[in-house]
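The chain contents come next:
Protein chains: 4
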Amino acid sequence: MPKRTDSLEMLRVKLAQFAADRDWNQFHNPKNLAMALAGEAGELVEHFQWLTFEEAANLPRGVREEVELECADVLLFLIRLADKLGVDLAAAAEKKIALNAAKYPVAKSKGRATKYNKL
Amino acid sequence: MPKRTDSLEMLRVKLAQFAADRDWNQFHNPKNLAMALAGEAGELVEHFQWLTFEEAANLPRGVREEVELECADVLLFLIRLADKLGVDLAAAAEKKIALNAAKYPVAKSKGRATKYNKL
Amino acid sequence: MPKRTDSLEMLRVKLAQFAADRDWNQFHNPKNLAMALAGEAGELVEHFQWLTFEEAANLPRGVREEVELECADVLLFLIRLADKLGVDLAAAAEKKIALNAAKYPVAKSKGRATKYNKL
Amino acid sequence: MPKRTDSLEMLRVKLAQFAADRDWNQFHNPKNLAMALAGEAGELVEHFQWLTFEEAANLPRGVREEVELECADVLLFLIRLADKLGVDLAAAAEKKIALNAAKYPVAKSKGRATKYNKL
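If you read the protein sequences in the order shown, they are chains P, Y, Z and C. Following our numbering, the numbering of the first sequence begins with 1 at its first residue and continues without gaps. Following our numbering, the numbering of the second sequence begins with 1001 at its first residue and continues without gaps. Following our numbering, the numbering of the third sequence begins with 2001 at its first residue and continues without gaps. Following our numbering, the numbering of the fourth sequence begins with 3001 at its first residue and continues without gaps.
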């Protein structure tokens, strides 16, 4: 059984409460949340922009901790966005994995980064 | 009890298998995954760019389904990125929520979108 | 006649010299520059994420100055990226405007934010 | 002497006319334009996400043409955004180059991608 904090649903509930406590639902329109998510994704990508592949795979401890929190920021805004849209994030993930499995059959995509529509 | 697919850890395992089956670990360097995440966040934000707040909160069914899959794309790349970095995403989320609770005490941040360093 | 600083070509030359002086061409691979551009676009969007339309159109002086510099950051990385790719940015802009004029004829797109493929 | 299309100011005028002709100023709020810019930056970064540095520096002709148009998209939305904000993009670029020259003196930053606040 997954531990409590591992559940997207439990994080969703916790974040909804966090926003309600601060009267932040007025700001949490999906448009704004999509922007916040894009901003956090931008901060995440900045950490890697000048790194070699080897450096990116071996972040110094301090950078790694910053990146960890950027990852969390992306997740938290994504969960809030999905919540406000009424999207079940876990179900959407399962659906997308199934679609990807169909678009990228092992035989055709093995060892290739080619986009499905060019395979 | 959360259903199986609700667990970040189970999604992580599933995606690691998906990549291994296709010999995609060679492409899944954290630098590349951070880029892929930023790209998906860009696609997500595009869906909302010309919408009013009301329209964003009431997406037509077809758009909503596209947005649902974009949300999934962000989540899937985020899980892969965290996995390759050795970051426990659920733990990072809990840590960040605790930090946010300290940075945004209810009394100071109620009804305000002001960034913590300007509160 | 445009003033000196108004020219994309003159900015390109100035930035190429700036990078050469610092021996930064080793970092200015197109992949890295595209990431840097995405990062700056993320910072730009963050300034607007919680604002109403009216607030966004009437930024306080201090925010406006920050946004001005974020706009500059996007432009500078874009010019560097185009330079390293051998892309003539001004010519590309003209080409894209012509394409947009064909995709969005006035009669069909007047007053509508609909994407060309759904017009 | 720069050719006509090389001027940011001339592009600004052309795009303002393009938007006016289509009655698009109603959509071109700075918030929306910042989102559109972030979306285009996301599309740009996607082209590079699975590439090695060598591949990124040697795009196949077809990809290069797509990337060229993505670069144009970023520029066009940036010019529109600056216009709606009343920002003089060329002046902002000059200002930022001067700031960067102060933050990254040649002696300290030569051959290093370190951010100025960690130099």
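A hint or two may mislead.
Straight-line C-alpha distance at most 30 Å; calculated DSSO-like pairs for lysine-lysine [as the list claims (entries may be wrong)]: (1) Z/2084 / C/3103; (2) C/3014 / Z/2014; (3) P/84 / P/96.
These aren't lab readings, by the way, just hints derived from the structure by calculation.
Pair hint outcome, residue 84 of chain P versus residue 96 of chain P [Cα-Cα no greater than 30 Å]: holds, 20 Å
Within a Cα-Cα threshold of 30 Å, do residue 3014 of chain C and residue 2014 of chain Z meet the stated pairing? holds, 25 Å
Satisfaction of hint between residue 3103 of chain C and residue 2084 of chain Z, Cα-Cα up to 30 Å: holds, 23 Å
Checked against the numbered hints listed earlier, the structure breaks none of them; every hint is satisfied.
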